[in-house]
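J.: Protein chains in written order, with my numbering: chain A, 4 to 95; chain B, 4 to 148.
A couple of the hints might just be wrong.
Keeping only pairs whose Cα atoms sit at most 20 Å apart, straight-line, the calculated EDC-like set for lysine to aspartate or glutamate is [as the list claims (entries may be wrong)]:
(1) B:Lys45 <-> B:Glu68
(2) A:Lys21 <-> B:Asp37
(3) A:Lys21 <-> B:Glu38
(4) A:Lys47 <-> B:Glu104
(5) B:Lys137 <-> A:Glu33
(6) A:Lys21 <-> B:Asp41
(7) A:Lys47 <-> B:Glu134
(8) A:Lys20 <-> B:Glu38
(9) A:Lys55 <-> B:Asp37
(10) A:Lys20 <-> B:Asp37
(11) A:Lys47 <-> B:Glu135
(12) A:Lys55 <-> A:Glu81
(13) A:Lys21 <-> A:Asp37
(14) A:Lys20 <-> B:Glu134
(15) A:Lys21 <-> B:Glu35
(16) A:Lys20 <-> B:Glu35
These are calculated hints, taken from the structure and not from any lab test.
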Amino acid sequence: MPIKVLIPTPLRPYAGKKSVIEVTAQTVGEALNDLVVQHPDLRKHLFSEEGKLRSFVNVYLNDEDIRYLNKDATPVKETDSISIVPSVAGGR
Amino acid sequence: MALIVPQIVYEQIRKHGEETYPYECCGVLLGEFDEASDKAVKAVVACGNTRIDSPQNRYHISPSELVRIQRQAMLAGQDIVGFYHSHPDHPAQWSATDLAEAHWTGCSYLITSVEKGRAALTHSFLLQGQEESKSFEDEVLKLTA
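Just chain A, with the same shape it has in the complex (with noise of 0.2 Å):
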């Protein structure tokens, strides 16, 4: 089923400049692979050579992180939303 990725700004360059991205999937990892071939050039900056996903990038379903679901796993319908969220932290 179709379902938005939401892309944040410094991942834009990587997907055609669109900051929502449509995909076909009935789970997170569906999407997200789908997402990556759909936009080749996003894949090296969400996941790690192992094919995990980068420490400081945080995926959401609608309001919940996907690693407090089933992961990859966790199921999705028409009316979800994934988030992209690179982390955002430092301190002097």
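Model the placement of chain B on the given structure of chain A, informed by the hints.
T.: Below, chain B alone, put in the same frame as chain A:
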């Protein structure tokens, strides 16, 4: 390239740093990217600092808060164009920790030094490059009425 900030928003950011002193404050800059790669800030969202273990020298914005802010900004036709935080009793200069934990390339990182509770200098830095080769570059901060 410049970060264009309305004076009222600039004062809001600096006041936040004074309010949370001696702890670091943090927040999100919302606005628009223009053709010349300038960024025009329209509004800021003050965030909580989740680094309660070391708030005097570290900050972290909850990803769930970022998700909500990003979604609402996009609905309003705006984008996240950067972030701000304070350095209590420390210069308005990026640190090694700031660079290591910065991942929003193309965005601005605004830092306000807060000395003895009063906002001092505020500087902006543009995060450039890719994750493996990222760097901060000084960015012109233009205040508008």
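J.: Would you mind marking each hint as holding or not holding in the structure?
T.: Structure-based check of all given hints:
{"no.": "1", "hint": "B:Lys45 <-> B:Glu68", "result": "holds (19 Å)"}
{"no.": "2", "hint": "A:Lys21 <-> B:Asp37", "result": "holds (15 Å)"}
{"no.": "3", "hint": "A:Lys21 <-> B:Glu38", "result": "holds (16 Å)"}
{"no.": "4", "hint": "A:Lys47 <-> B:Glu104", "result": "holds (18 Å)"}
{"no.": "5", "hint": "B:Lys137 <-> A:Glu33", "result": "violated (30 Å)"}
{"no.": "6", "hint": "A:Lys21 <-> B:Asp41", "result": "holds (19 Å)"}
{"no.": "7", "hint": "A:Lys47 <-> B:Glu134", "result": "holds (10 Å)"}
{"no.": "8", "hint": "A:Lys20 <-> B:Glu38", "result": "holds (13 Å)"}
{"no.": "9", "hint": "A:Lys55 <-> B:Asp37", "result": "violated (34 Å)"}
{"no.": "10", "hint": "A:Lys20 <-> B:Asp37", "result": "holds (13 Å)"}
{"no.": "11", "hint": "A:Lys47 <-> B:Glu135", "result": "holds (11 Å)"}
{"no.": "12", "hint": "A:Lys55 <-> A:Glu81", "result": "violated (25 Å)"}
{"no.": "13", "hint": "A:Lys21 <-> A:Asp37", "result": "holds (15 Å)"}
{"no.": "14", "hint": "A:Lys20 <-> B:Glu134", "result": "holds (19 Å)"}
{"no.": "15", "hint": "A:Lys21 <-> B:Glu35", "result": "holds (14 Å)"}
{"no.": "16", "hint": "A:Lys20 <-> B:Glu35", "result": "holds (14 Å)"}
This entry does not satisfy hints 5, 9 and 12, going by the numbered hints stated previously.
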